[in-house]
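*Asks:* As given, the protein sequences belong to chains E and F, one line each in that order. First residue of the first sequence: 341, per my numbering; consecutive thereafter. First residue of the second sequence: 96, per my numbering; consecutive thereafter.
Simulated from the structure, these hints should not be mistaken for laboratory data. Just so it is clear, the structure is predicted and the values come from calculations on it, not from any experiment. In this text, a Cβ means the ideal position worked out from N, Cα and C, and glycines have one as well. A hint or two may mislead.
What the hints assert, rightly or not - Some chain F residues well away from chain E (every beta-carbon gap over 10 Å; in silico):
#1 Trp122
#2 Ile172
#3 Asn222
#4 Ala267
#5 Gln358
Said to hold, decoys possible - What follows is a set of in silico ranges between Cβ atoms, one per label pair, in the way DEER data are often shown:
#6 E/Lys491 - F/Asp233: 35 to 45 Å
#7 E/Gly478 - F/Ala164: 33 to 43 Å
#8 E/Ala482 - F/Asp233: 44 to 54 Å
#9 E/Met521 - F/Lys280: 31 to 41 Å
#10 F/Thr227 - E/Ser409: 30 to 40 Å
#11 F/Leu124 - E/Val388: 32 to 42 Å
#12 F/Pro148 - E/Leu416: 41 to 51 Å
#13 F/Thr150 - E/Leu416: 40 to 50 Å
#14 E/Ala482 - F/Ile352: 18 to 28 Å
#15 E/Val388 - F/Asp233: 23 to 33 Å
#16 F/Asn313 - E/Leu525: 55 to 65 Å
#17 E/Leu553 - F/Val259: 34 to 44 Å
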Amino acid sequence: MTRTAQWLYAWLLLLPAMALLVLFTHYPAVATFWQSFMSTPKGSRASVFVGADNYEQLVTDEVFWQSLSNNFWYALGTIPTSIVIAILMAIWVNERIAGRGLLRLAYFTPTILPMIAVANIWLFFYTPEYGLLEQVLGAFGAGSHNWLGSKSTALGALMVVTVWKEAGFFMIFYLAALQSMSPHLAEAAAIEGASRWYFFRRVTFPLLMPTTLFVLVNAVINAFRLVDHIFVMTRGGPDNATALLLYYIYDVGFRFWDTAYAAALTVALLTILGLLALAQFLFLERRVHYQ
Amino acid sequence: MSTMVYAPRGATRALETAGAWLLGLLWVLPLLYAFWTAFHPAEFSTRFVLSAPLTLENLERAWAAAPFARYFLNTVILVTMVLAAQLVLVTLAAYAFARFDFPGRNVLFALVLVQLMIMPDVLIVENYRTMTVLGLKDTILAIGLPYMASAFGIFLLRQTFKTVPRELDDAARVEGCTPLQVLWKVYVPLARPTYLAYALVSVSYHWNNFLWPLIITNSVKSRPVTVGLQVFSATDQGLDWSIITAATLLTTAPLLIAFLLFQRQFVQSFMRAGIK
Chain E
341 MTRTAQWLYA WLLLLPAMAL LVLFTHYPAV ATFWQSFMST PKGSRASVFV GADNYEQLVT
401 DEVFWQSLSN NFWYALGTIP TSIVIAILMA IWVNERIAGR GLLRLAYFTP TILPMIAVAN
461 IWLFFYTPEY GLLEQVLGAF GAGSHNWLGS KSTALGALMV VTVWKEAGFF MIFYLAALQS
521 MSPHLAEAAA IEGASRWYFF RRVTFPLLMP TTLFVLVNAV INAFRLVDHI FVMTRGGPDN
581 ATALLLYYIY DVGFRFWDTA YAAALTVALL TILGLLALAQ FLFLERRVHY Q
Chain F
96 MSTMVYAPRG ATRALETAGA WLLGLLWVLP LLYAFWTAFH PAEFSTRFVL SAPLTLENLE
156 RAWAAAPFAR YFLNTVILVT MVLAAQLVLV TLAAYAFARF DFPGRNVLFA LVLVQLMIMP
216 DVLIVENYRT MTVLGLKDTI LAIGLPYMAS AFGIFLLRQT FKTVPRELDD AARVEGCTPL
276 QVLWKVYVPL ARPTYLAYAL VSVSYHWNNF LWPLIITNSV KSRPVTVGLQ VFSATDQGLD
336 WSIITAATLL TTAPLLIAFL LFQRQFVQSF MRAGIK
């Protein structure tokens, strides 16, 4: 094949995938930006250019700031916990613990179930008076508490579900990393007299760093992307205490049909994801590789 | 296999085994609880006595209360359609990125990677508008379309294709194969484990997907099971928990059974997909 023929061939191979990517990823990302400067069409009034109006609304919108801070606490509350539990799970399953096949199954099962379905189960779990949690706490003499209905505990209750759902998923990646580690490292460290904790802290954990980065990026994206359980468990309430950013976008865009404002909110979300990508690219990537 | 020098011994070992099992128990507890509720009469849904009679009535009533058969059919059509389209598109694109030199390769690859961060899940407002313009609202095709060109799949398969020895490629070309024939006869067979891994990840992702299908569908004819379950449990407030839990288990049963049967493949596939 001549060079030009080869170019043409490659472009043709890429064409179908690129066309769909442009249509459903690049175009909507750009269009969101454009739409955020327009007004929402109402009845016979068409959409018009309104400049930064939507952003002025956004800056003064308390629910937006609340959903942003909810999302921040949600990420902070779920990600480190999931990672610690995932590492613990991986270490246990990697050792010759009795029944580790069953354990791996138990840890991993929540991962493959739909969030919407497990949210139903957890909703019942948290139900005041009847739920399992109430029954167990009641047996210890604790009073009844509406976990999902009170502002102080609702977000925490959702975080528990997320950690439960994600830890087993992250465990898999740590398990893969642990299994690829050379046993000679441990032997050498043992000869030098390193304690088990010292070995973990100075050898295992640093070697798991690329995995941790991968998991971290995934976990952060998920914290902004996965809001299914909110639909079942709290619908953003009570009093917006559990409204995460994407859930709020859904509320504005598809319950109040204010698409222009929803576009401005989406731009905020895209900016966060973009900064994240940049951060990952700029410094994390080069600091974690030991090889 | 060398001896594991840091494997815990004695009391530490017992303590850790107990910890691991406690965590495992905690992890399956919500599921066991769901099974208990679904298979016992409503009055036993929170009373854990061994003498409680088993029943299939909850499952029967849940099945009869909503068109779950149709929802299942929709989901099966959805995941099959998405996977089939993904496999074709992703294979062609990955092949181009892995083995062709052409102007704009790096820029185009970067444009593909954008989707890893900005997934269709967050572009709901604009994609809804696009589907309205295309007249595809409330169809199964509309649920699947935004996911068919998968950046994750292109990336994963490109990595695999790059490990194929050039000599095999050259040999096939000497035999007179066209590039597409080389792809089909050399690359695709060698990438089979990657395909399996990708397929399992894709199927479970789209079986479980909820937000976009909720937005773009509006009727029984296109709703997948996740949305069907939500509509069912949100509107029928009069239903008791046993029925809702039964419906929940019903909708997850196929995936759960498949997972229990092919546990090893599932775990290995997720691993492979993660570490590329």
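*Asks:* Against this structure, judge whether each hint is valid.
*Replies:* Against the structure, the hints:
| no. | hint | in the structure |
| --- | --- | --- |
| 1 | Trp122 | violated, 5 Å |
| 2 | Ile172 | holds, 17 Å |
| 3 | Asn222 | violated, 5 Å |
| 4 | Ala267 | holds, 14 Å |
| 5 | Gln358 | violated, 6 Å |
| 6 | E/Lys491 - F/Asp233: 35 to 45 Å | holds, 37 Å |
| 7 | E/Gly478 - F/Ala164: 33 to 43 Å | holds, 40 Å |
| 8 | E/Ala482 - F/Asp233: 44 to 54 Å | holds, 47 Å |
| 9 | E/Met521 - F/Lys280: 31 to 41 Å | holds, 37 Å |
| 10 | F/Thr227 - E/Ser409: 30 to 40 Å | holds, 33 Å |
| 11 | F/Leu124 - E/Val388: 32 to 42 Å | violated, 55 Å |
| 12 | F/Pro148 - E/Leu416: 41 to 51 Å | holds, 46 Å |
| 13 | F/Thr150 - E/Leu416: 40 to 50 Å | holds, 44 Å |
| 14 | E/Ala482 - F/Ile352: 18 to 28 Å | violated, 38 Å |
| 15 | E/Val388 - F/Asp233: 23 to 33 Å | holds, 29 Å |
| 16 | F/Asn313 - E/Leu525: 55 to 65 Å | holds, 57 Å |
| 17 | E/Leu553 - F/Val259: 34 to 44 Å | violated, 27 Å |
When the structure is compared with the earlier hints, violations turn up for hints 1, 3, 5, 11, 14, 17 and for no others.
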